[in-house]
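Participant: These protein sequence lines map, in sequence, to chains A and B.
Using UniProt numbering, the first residue of the first sequence is number 1, and each one after it goes up by one.
Using UniProt numbering, the first residue of the second sequence is number 1, and each one after it goes up by one.
These aren't lab readings, by the way, just hints derived from the structure by calculation.
A virtual CB, placed ideally from N, CA and C, is assigned to each residue, including glycine.
It cannot be assumed that every hint is accurate.
[To be verified] BS3-like cross-link-like pairs, simulated, lysine-lysine; straight-line CA separation at most 30 Å: (1) 100/A - 191/B; (2) 95/B - 83/A; (3) 116/B - 97/B; (4) 241/A - 280/A; (5) 191/B - 231/A.
[Claimed, not checked] Far from chain B, some chain A residues (derived; all Cβ distances over 10 Å): (6) 92; (7) 94; (8) 104; (9) 191; (10) 233; (11) 263; (12) 265.
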Amino acid sequence: MDSQLVEARALEAEITALRRACVEPPAPGEDTSRVRKSFRETYQADSEGWELSKDLRSHLGHLESEIQFLSTLTGISIRHYSKKTEDLTSTEMTEKSIKKVLQRHRLSGNCHMITFQLEFQLLEIQNEESLSSVITDLSIIMEPTEYSELSEFVSRAEERRDLFMFFRSLHFFVEWCEYRKRTFKRFKEKYPEAVHLSEGASSSCMGIRNPSRPGFELVIVWRIQIDEEGKVLPKLDLLTKVPLQALELDKNGVIETAPLSFRTLLGVLGIEATLESLIKSLHTERVMVFRQSRPARTGNRRLPSPPP
Amino acid sequence: MELANTLSQDGESRGGVLAHLERLETQVSRSRKKMEEPQSAQAEESALGTRIHELRRLRDKLRAEVKQHQASVKASTTNVEPDQTLEITEQESLKRKWENVKAILQAYRFTGISGKLTSRGVCVCISTAFEGNLLDSYFVDLVMRKPLQIHHHSIPVFIPLEEISAKYLQTNIQHFLFTLCEYLNAYSGRKYQADRLQSDFEAFLAGPLQRNSLCNLLSFTYKAEPEGQSFPFCARLLYKDLTTTLPTDVTVTYQGTDALSTTQEEQRAAHENLFFTKPLHQVFTSFARKGDKLDMSLVS
Chain A
1 MDSQLVEARA LEAEITALRR ACVEPPAPGE DTSRVRKSFR ETYQADSEGW ELSKDLRSHL
61 GHLESEIQFL STLTGISIRH YSKKTEDLTS TEMTEKSIKK VLQRHRLSGN CHMITFQLEF
121 QLLEIQNEES LSSVITDLSI IMEPTEYSEL SEFVSRAEER RDLFMFFRSL HFFVEWCEYR
181 KRTFKRFKEK YPEAVHLSEG ASSSCMGIRN PSRPGFELVI VWRIQIDEEG KVLPKLDLLT
241 KVPLQALELD KNGVIETAPL SFRTLLGVLG IEATLESLIK SLHTERVMVF RQSRPARTGN
301 RRLPSPPP
Chain B
1 MELANTLSQD GESRGGVLAH LERLETQVSR SRKKMEEPQS AQAEESALGT RIHELRRLRD
61 KLRAEVKQHQ ASVKASTTNV EPDQTLEITE QESLKRKWEN VKAILQAYRF TGISGKLTSR
121 GVCVCISTAF EGNLLDSYFV DLVMRKPLQI HHHSIPVFIP LEEISAKYLQ TNIQHFLFTL
181 CEYLNAYSGR KYQADRLQSD FEAFLAGPLQ RNSLCNLLSF TYKAEPEGQS FPFCARLLYK
241 DLTTTLPTDV TVTYQGTDAL STTQEEQRAA HENLFFTKPL HQVFTSFARK GDKLDMSLVS
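Here chain A stands alone, though its shape is the one from the complex (with noise of 0.2 Å):
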């Protein structure tokens, strides 16, 4: 019977604690009315932020498509920008109605395979009669580095604080890369015995054999250089690999002149056509005689721009 009016007592108890619960709300500080109000109100917010975000939407859409167009037209692509305004204006200079303004600017994206990092400082100093902007520091750091060329250029950009040189140099260069890879792997799909490259066709070699002819190779090194203006050169030799015996029987000093000769071709015929004479000329049936010579350089005069 105790454990009975145990039983009862607690019923009694729980009934009362449901009766309690089905009046009040469950959720904290909420009851039904203010529910159906809450709900209301975000209904009206709704149509008017839904019409907020389309605009926002339909304008960001149209925004991004203008920086996807710019990306085509320079192949340059930014992916972050930051920048922080100082106002240096003093009093004296108010009163001259002169201001001074430092701008701290950061970028960062990729032009193709390189990317960069780019933070510079911008002096503006306007007075009665004109503006002048004037960028105060440079930093860039570039990926990948493996090409070696692009450190260099990297220190004299900065020194000079050249930002438009540096891209329009970077341009260039990338350009450059680009038409040397497919250069190379052309030949390589035409001639696959005959074309031999170390490092892919990303390398700046490409060599040149004959699989019947063992010991005989020619060697293309295709560098792409920029000098102290900014201006990207593309710089091709010509290096010979002959066997002694080979050497001994050439009377007309063929090969020694070989590395000039590749010099007048490209002037001549151009790259491709310069690349493509000398491959086929490694395949005829004449036994090619030649000797291990200094390789020569073609020089600084500007080659035309890659074909596109």
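Got chain A sorted already, so can you dock chain B onto it with the hints?
Facilitator: Just chain B now, kept in the frame of chain A:
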């Protein structure tokens, strides 16, 4: 019979008959009680049992009610709140994206080439600078049609725009723009040097600076020392390569009739070399700093 049995089972009889009767009475009352208790207890128990039964039923009913109530409120809140929060974060993220995109569009001008989409195509803006100084900008309004056309532009007439567009506009627009960039930046740089020479180093010039609009042919007479004993030299700078800001041809001559002494000849040669390797105004800055004692280290 029972009584007799009870008596005999009790074992020793206590007292006499009175005691015996007492015992009998007690036994009867006890048994009567025993007979009564289950009944009331039963009644009580049954009453309690029913009550518990009722309570249980009520409790279950209320439990179900509360559950339902909770579920309905929960349902309505799930319809309202998450949507609300979703709306806010979506708007926030959209706004953030929009600001970021706008910033990136602005940042393009730092590459030297930026542009705005127009109804016809795009209006490209090319910026120029020299030694970190931001200089003039030029624009080219392109019509996106086959073939690509230049609607109008602000490129100075002495820049070979037709030549460059004939070569690259139709086949490689990037190359077209960057080549134009090269020419314009070089022109801006040469112009800047000539302007600086005229404005900052007037004291060094013995006559007006002669220049053409392309600023690739400059001719002037100067003295390395404005008030010194040094002889006036005549300099002629030619920039054959329109994409450079340094001259390709430099001639420094002495206008006088007497022959030059060896030191003067050295000076003349050194000056020539300086003009080849340094921007014009920087050469004069070094003149101003060193006076007539030319630092040979500059020459190397």
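Participant: Work down the list of hints and note, for each, if the structure agrees.
Facilitator: Evaluation of the provided hints:
Taken as a hint, the residue 100/A and residue 191/B pair is honoured in the structure, with Cα atoms around 25 Å apart against an allowance of 30 Å. A hinted pair counts as satisfied when its Cα atoms are at most 30 Å apart, and residue 95/B with residue 83/A qualifies at roughly 18 Å. Under the criterion of a C-alpha separation no larger than 30 Å, the hint pairing residue 116/B with residue 97/B is consistent with the structure, at around 19 Å. Proximity of residue 241/A to residue 280/A is assessed by CA-CA distance (about 17 Å); at most 30 Å being required, the pair is judged to hold.
Between residue 191/B and residue 231/A, the direct Cα distance comes to roughly 20 Å. Compliance with the 30 Å bound is thereby established for this hinted pair. Every CB of chain B is more than 10 Å from the CB of residue 92/A (nearest about 24 Å), matching its label as outside the interface. No Cβ of chain B comes within 10 Å of the Cβ of residue 94/A; the nearest lies about 24 Å off, and the non-interface call holds. Every CB of chain B is more than 10 Å from the CB of residue 104/A (nearest about 13 Å), matching its label as outside the interface.
At roughly 27 Å, the least C-beta separation between residue 191/A and chain B is larger than 10 Å, which holds for a residue marked as non-interface. A cut-off of 10 Å between C-beta atoms confirms that residue 233/A is not in contact with chain B; the least separation is 12 Å. At the 10 Å boundary, the C-beta of residue 263/A stays outside the reach of chain B, the nearest C-beta of that chain being 21 Å off. No Cβ of chain B comes within 10 Å of the Cβ of residue 265/A; the nearest lies about 24 Å off, and the non-interface call holds.
Checked against the numbered hints above, the structure violates none of them.
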